[in-house]
Amino acid sequence: MSAADGVVVGTTKLVDHGPDSARWTLVLLAEGYQQAELAKFHTDADAFVTRLFSTPPYTELWCALNIYRVDIASNGSGADDPAACADGAVGTGTMVSTFFDSTFCVAGTRRLLAGDEHLADTTAKAAVPEVDATVVIVNAAEYGGAGGLVAWTSTNAAAGEIAVHELGHSAFALGDEYGDTLNTYAGAEPNQPNLTIDTSRATTRWAGLIRATTALPTMDNPDCTTEDSRPSPVPAGTIGLFAGGNRYHCGLYHAEYRCRMRALGNPFCAVCAGTIKATLRTHLPMASGPVRGVQFTGTLAPRQTHQWFTHDWPACWHVIWTVSTTTPVTPGPGIDWHVRVERANRETITYWIEVTNLTSTSLDVEARYAIAARE
Amino acid sequence: MVKQRPREKPIPNRSWRLTFKYEGDAVTLVEQESVAMLAPPDDAALLERGQAGFHVELQDADGKPLYRRVLHAPIRDSYEVFSPEPGAAISHVPMDRPHGFFKVIVPDVAGGHSVVVVGPPVVVGPPSGLERAAAVSGPIIRVQLRGKPPRKAEQR
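For the protein sequence lines, the chains are X and V, in the order given. For the numbering used here, add 488 to where a residue sits in the first sequence, where the first one is 1. For the numbering used here, add 26 to where a residue sits in the second sequence, where the first one is 1.
In isolation and in its complexed conformation, chain X is listed as follows (with noise of 0.2 Å):
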């Protein structure tokens, strides 16, 4: 077994949005790293959080997330790299020892990397009882990943997208959105969310999405032996019925013409985003107040407009500001306030909050917090 190749070094939660019996909870793992490069996974692991971070619509709903980062030291370093595939491709001949013994070249396939699936999910659970999904992030700069137990990904800048897709599909139960191999398919309407055989416009699955003067199908594939590479009748977003899934040419519709589950690069259709906020609103955190509070107080001279700010405040919370004046003004307005927004990174926000005295003289004031939820 590869395990005697390498050692769990240690477990880092990189996003932390509260429990993980209550979050969705993503696992990177490290594989073809030795101990000397494991600052190199942290980089990658970061880019990884990043690339998901920047992939509508985990974006939108980040705080269901919690991702942690397991560092393992494999004794060597890369991934098996075999000189020649059944493909054709020519590997460089790297056979090296690694904790998950990773490859390229599976199934004769260059471009297919991956290891022992059940040693990661094992080593994944045993880092983070409440795993929901892991990736392993495989130290190979050469383009490749796969799906399955778990996702693979080199480090390869394109490869992350691998495992954005696979997530797709295991974590999200996202069917593929095109052909390959089969020509018409001829069965029963598919569970998946994101297929259907369904044509009507009263029926079909996202039938609710549809406008009605898009034409349904939108778009057919006129030669059900090969995939339609046309461009697309109509605008780019437009929801309709475009054939292809499940590997088959025809006889199954997607619901938009780009979508990450048809090829990579693309981002999610909306019928696939839909599916995947589903899953994570079930893991945002639900909070039990509001929770109030003064969070500044400061004195204003006769016009004087002065800006406050406060930062490292949770991009999850749902904040809501008054400001007020506590020295008595009367009759008309005594203040005028706004309040700006820096997004400061991923997990954190500052509030800029600038207050402007409209009396001839000083005023007291006071900054007001409301965290209405967290999420």
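Hints in this document: simulated from the structure, not taken from any laboratory. Everything hinted at is true.
Here are the in silico distance ranges between beta carbons for each label pair: (1) X:Gly786 with V:Ala136: 47 to 57 Å; (2) V:Gln58 with X:Glu842: 52 to 62 Å; (3) V:Thr54 with X:Gly781: 52 to 62 Å.
With a cut-off of at most 30 Å between alpha-carbon atoms, the simulated DSS-like pairs for lysine-lysine come out as follows: (4) X:Lys765 with V:Lys129; (5) V:Lys129 with X:Lys501; (6) X:Lys613 with V:Lys47; (7) X:Lys613 with V:Lys129.
If we take Cβ atoms under 8 Å as the criterion, some of the chain V residues that face chain X in the derived model are: (8) Thr45; (9) Val61; (10) His81; (11) Glu106; (12) Val107; (13) Phe108; (14) Ala114; (15) Ser117; (16) Val119; (17) Met121.
We put the beta carbon where it would ideally sit given N, CA and C, even for glycine.
Go by the hints and put chain V onto chain X.
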């Protein structure tokens, strides 16, 4: 920054996680764990209209479904192959024979008795299972839950 933190509402979040191994047409249970985590949302609505494909059911002692969740190809007979070119076609290469692992998570609810993985039959050898997606689904493996720990109030 504010010191107070809102408290989260307590909700029950105990689930069963089952890991299966498949080798050829044999599917076996590898591990059953009681875990403090939320199961994915119930897919009853999807399964009322969609019959083809895999799903997992939590059933009571009478076989009545208490929870159902769609699964995407837990038993694979091919590998998905990608290209570094954005927008490039995705393809598949066949496995010599289906082999691998998959896991399911179902909620630990009162009356939960068995977990059933439902799907099209596993096809071994030529012709490959490519047409499996169109085949009629049925039970692939049924596992009776055992060793349930005492239920207690869970806080998240």
